[in-house]
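Residue-level listing of the chains:
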Amino acid sequence: MLKIKNLHASVEDTKILKGLNLEVKSGEVHAIMGPNGSGKSTLASVIAGREDYDVTDGEINFQGTDLGELGPEERAREGIFLAFQYPVEIPGVSTTNFMKTAVNQIRESKGEKPLDAVAFLKLMKEKMKLVNIRQDLLSRSINDGFSGGEKKRNEIFQMAMLNPKLSILDETDSGLDIDALKIVSNGVNALKSKENATVVVTHYQRLLDYIVPDFVHVLMDGKIVKSGDKNLALELEEKGYDWIKPGN
Amino acid sequence: MNITKDLKKLVSKEEDINLKNKKTDILDSLDLTYSLQKEEYKYTPLLKNVEKKFDLLKENKDQISQKSYEEVAKFVNSKFYLISVDGYFKSELSNIPPKVKIKKYSELEREEKDTFENMYQKHDDSKSDFFSSLNSIIHEDCLTISVDSNTVLKEHITIININENYDVNNYRKMIFCDKGSEISIFERFINLKSDENFSSSVTEIYQAENSKLNYYSTQDFKENYHYNSINVFQKRDSVSNFFTVSFSGSIVRNNLNICLHDKSCYTNMYGFYAMSDKSLIDNHTSVDHVDENSLSNEHYKGIMGGRSNGVFNGKIFVRKKAQKTNAFQSNNNIILSDKSKVNTKPQLEIWADDVKCSHGCTVGQMDDDAIFYLMSRGISRKDSISLLLSAFSSEIIEKITDEKMKSLFTELIKKQLEKFNDE
Numbered sequence: 001m002l003k004i005k006n007l008h009a010s011v012e013d014t015k016i017l018k019g020l021n022l023e024v025k026s027g028e029v030h031a032i033m034g035p036n037g038s039g040k041s042t043l044a045s046v047i048a049g050r051e052d053y054d055v056t057d058g059e060i061n062f063q064g065t066d067l068g069e070l071g072p073e074e075r076a077r078e079g080i081f082l083a084f085q086y087p088v089e090i091p092g093v094s095t096t097n098f099m100k101t102a103v104n105q106i107r108e109s110k111g112e113k114p115l116d117a118v119a120f121l122k123l124m125k126e127k128m129k130l131v132n133i134r135q136d137l138l139s140r141s142i143n144d145g146f147s148g149g150e151k152k153r154n155e156i157f158q159m160a161m162l163n164p165k166l167s168i169l170d171e172t173d174s175g176l177d178i179d180a181l182k183i184v185s186n187g188v189n190a191l192k193s194k195e196n197a198t199v200v201v202t203h204y205q206r207l208l209d210y211i212v213p214d215f216v217h218v219l220m221d222g223k224i225v226k227s228g229d230k231n232l233a234l235e236l237e238e239k240g241y242d243w244i245k246p247g248n
Numbered sequence: 001m002n003i004t005k006d007l008k009k010l011v012s013k014e015e016d017i018n019l020k021n022k023k024t025d026i027l028d029s030l031d032l033t034y035s036l037q038k039e040e041y042k043y044t045p046l047l048k049n050v051e052k053k054f055d056l057l058k059e060n061k062d063q064i065s066q067k068s069y070e071e072v073a074k075f076v077n078s079k080f081y082l083i084s085v086d087g088y089f090k091s092e093l094s095n096i097p098p099k100v101k102i103k104k105y106s107e108l109e110r111e112e113k114d115t116f117e118n119m120y121q122k123h124d125d126s127k128s129d130f131f132s133s134l135n136s137i138i139h140e141d142c143l144t145i146s147v148d149s150n151t152v153l154k155e156h157i158t159i160i161n162i163n164e165n166y167d168v169n170n171y172r173k174m175i176f177c178d179k180g181s182e183i184s185i186f187e188r189f190i191n192l193k194s195d196e197n198f199s200s201s202v203t204e205i206y207q208a209e210n211s212k213l214n215y216y217s218t219q220d221f222k223e224n225y226h227y228n229s230i231n232v233f234q235k236r237d238s239v240s241n242f243f244t245v246s247f248s249g250s251i252v253r254n255n256l257n258i259c260l261h262d263k264s265c266y267t268n269m270y271g272f273y274a275m276s277d278k279s280l281i282d283n284h285t286s287v288d289h290v291d292e293n294s295l296s297n298e299h300y301k302g303i304m305g306g307r308s309n310g311v312f313n314g315k316i317f318v319r320k321k322a323q324k325t326n327a328f329q330s331n332n333n334i335i336l337s338d339k340s341k342v343n344t345k346p347q348l349e350i351w352a353d354d355v356k357c358s359h360g361c362t363v364g365q366m367d368d369d370a371i372f373y374l375m376s377r378g379i380s381r382k383d384s385i386s387l388l389l390s391a392f393s394s395e396i397i398e399k400i401t402d403e404k405m406k407s408l409f410t411e412l413i414k415k416q417l418e419k420f421n422d423e
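In order, the protein sequence lines correspond to chains A and B. Number 123 in this note's numbering belongs to position 123 of the first sequence; there are no gaps in the numbering. Number 277 in this note's numbering belongs to position 277 of the second sequence; there are no gaps in the numbering.
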């Protein structure tokens with residue numbers, strides 16, 4: 001599904017990703033771990049198409065399409081979803097209106113008819129249950145005045161609405177208490193299928209008790225330096241990152 | 001000033017003694033008023049432009065309008081409407097509401113005259129703004145609107161001012177809201193003349209105790225020059241709400257001067273402007289808190305595209321007697337192009353010591369994080385930007401409680417924001 005080859009990316013002349021390789025197949029869950037500043041969030045943003053980053057070398061191939069020239073909205077329409085580490089607050093635009101615009105623009109790009117109000121409401125009601133989010137929260141401005149947990153739940157709600165093929169969860173667990181973490185993880189797990197894939201970017205092993213990865217990768221200094229199964233995460237939790245040296 | 005001599009001639013021809021005295025007063029302080037221009041129009045070369053382009057003192061005739069109501073109907077969204085052409089009120093084209101007295105000043109009966117004679121040029125800015133001085137001396141007739149005590153008009157009255165035959169038009173009106181009355185006015189300036197022109201309008205409003213006024217105003221201009229001065233004098237427990245919306249015009253200057261003369265007066269001043277091309281919008285407002293426990297709340301927002309210029313200047317005065325005043329002001333701008341500009345300035349003078357006042361101005365760009373967030377959900381760049389811009393404007397529009405006016409302004413703003421799509 002996703003093939004990243006020798007990816008180099010920089011922001012304002014600072015090199016952050018330095019030859020990263022990663023392959024994700026349908027039905028898989030990958031966890032990307034690593035110390036602060038190793039490039040985890042950059043990787044997530046680069047896959048989603050954030051324009052602040054320059055891809056200087058390498059390629060990202062998604063289902064046979066080179067993403068290089070595609071803008072963030074085109075990537076989203078191809079089926080890529082990024083759950084933000086810091087969801088943006090947008091006063092004046094309700095989540096409902098936002099999602100209606102997004103769902104219909106994605107449908108339109110596939111040549112499908114837009115959903116009418118009734119069908120949209122039905123879809124929304126169904127997905128709201130997944131993350132236990134209330135209607136009144138969705139009628140309010142996007143993330144405006146939301147608590148940390150509400151923001152993350154809103155991200156997973158949006159993911160459910162858009163039904164992506166590849167979901168990238170960027171530090172979705174940070175700042176969540178255990179109850180919120182469970183709700184968010186349950187939502188993610190319920191959306192998992194053989195046809196889609198999930199990349200979890202995280203700092204802490206704790207999340208991986210709830211969203212169990214098939215593969216764990218360690219990202220250090222812009223490269224994946226070690227890969228393994230879920231036990232690698234436990235080992236990292238115990239020993240920290242120092243025992244892995246880039247280049248080993 | 002060459003113009004002074006001609007103005008003197010005009011004043012000497014005035015037959016109404018009361019008006020003649022008032023106009024002479026204005027003439028006497030004209031030099032001082034003129035000198036204030038430099039500061040008050042620092043970024044707005046209105047006078048330079050209109051002096052060069054137009055003969056400001058040319059007299060307009062009260063002609064029979066060649067335009068039928070059908071031509072202006074699309075600008076009217078209410079049952080009752082008042083139409084003025086080239087500065088003259090046209091009762092034959094208007095539909096006057098039954099509960100409100102509407103007449104030209106020159107046609108008032110003796111007993112009706114007292115109120116307006118007293119009001120005329122009393123609280124306007126003709127001694128501090130040169131354009132109001134000119135309007136006061138030059139304008140031909142004045143529209144008077146009088147709302148009796150406890151009269152409540154549910155639906156708003158639309159006032160349409162049409163520039164039809166002349167390139168300089170002076171509009172003038174007075175509104176008297178008696179005790180406990182409630183009225184809404186939507187004023188529009190439109191152009192049925194294709195040449196460049198200049199229109200000037202001065203409005204004086206007196207709000208008696210416990211009266212309530214909603215006032216919406218906008219212009220549908222392209223390459224024209226416009227001066228609009230609204231002056232309000234409020235008595236105890238009265239409430240006023242202003243919505244000033246501007247979209248285009250070579251140079252548009254809006255003055256809004258509010259005097260909260262008594263205890264517990266309220267005013268809300270909201271403004272929105274979205275400018276493109278080479279237009280210039282200048283909003284100058286002032287609130288004078290004279291007595292205790294009054295509140296003024298001001299919020300202006302603007303979006304500047306193309307090579308447009310924006311000016312905002314908000315004065316707040318809190319007199320020594322005006323303890324427990326609440327006065328809030330803010331002006332937020334988004335600049336879309338590197339060729340557009342905004343000059344914004346809050347100006348507070350507070351002499352009382354037990355007050356709550358705040359002010360703030362921002363000039364910023366579109367938020368890239370927000371654009372990326374919306375795009376990452378599959379929304380095109382163009383639509384992401386227009387979602388964000390309409391969200392920016394919604395903070396002002398949401399304050400309009402009248403559904404009809406709200407949907408009209410929403411529609412007008414949507415149309416204007418579409419112009420920014422290519423930037």
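Be aware that a few hints might be false.
Here are the simulated lysine to any residue pairs, SDA-like style, with alpha carbons at most 25 Å apart [stated by the list, open to error]:
id	chain 1	residue 1	chain 2	residue 2
1	B	K263	B	S146
2	B	K419	A	H203
3	B	K415	A	D57
4	B	K222	B	C259
5	A	K100	B	D369
Worth flagging that the hints you see were computed from the coordinates, not collected in a lab.
Results for each hint:
Taking the CA atoms of K263(B) and S146(B), the gap is about 23 Å. The hint holds against a cut of 25 Å. Among the hinted pairs, K419(B) with H203(A) is inconsistent with the structure: their alpha-carbon atoms are about 45 Å apart, more than 25 Å. Of the pairs offered as hints, the one joining K415(B) and D57(A) is violated, with about 43 Å between alpha carbons and a cut-off of 25 Å exceeded. Taking the CA atoms of K222(B) and C259(B), the gap is near 32 Å; set against the 25 Å cutoff, the hint is violated.
Our distance criterion of 25 Å between C-alpha atoms is met by K100(A) and D369(B), whose separation comes to about 20 Å.
Of the numbered hints given earlier, the model fails hints 2, 3, 4; all others are met.
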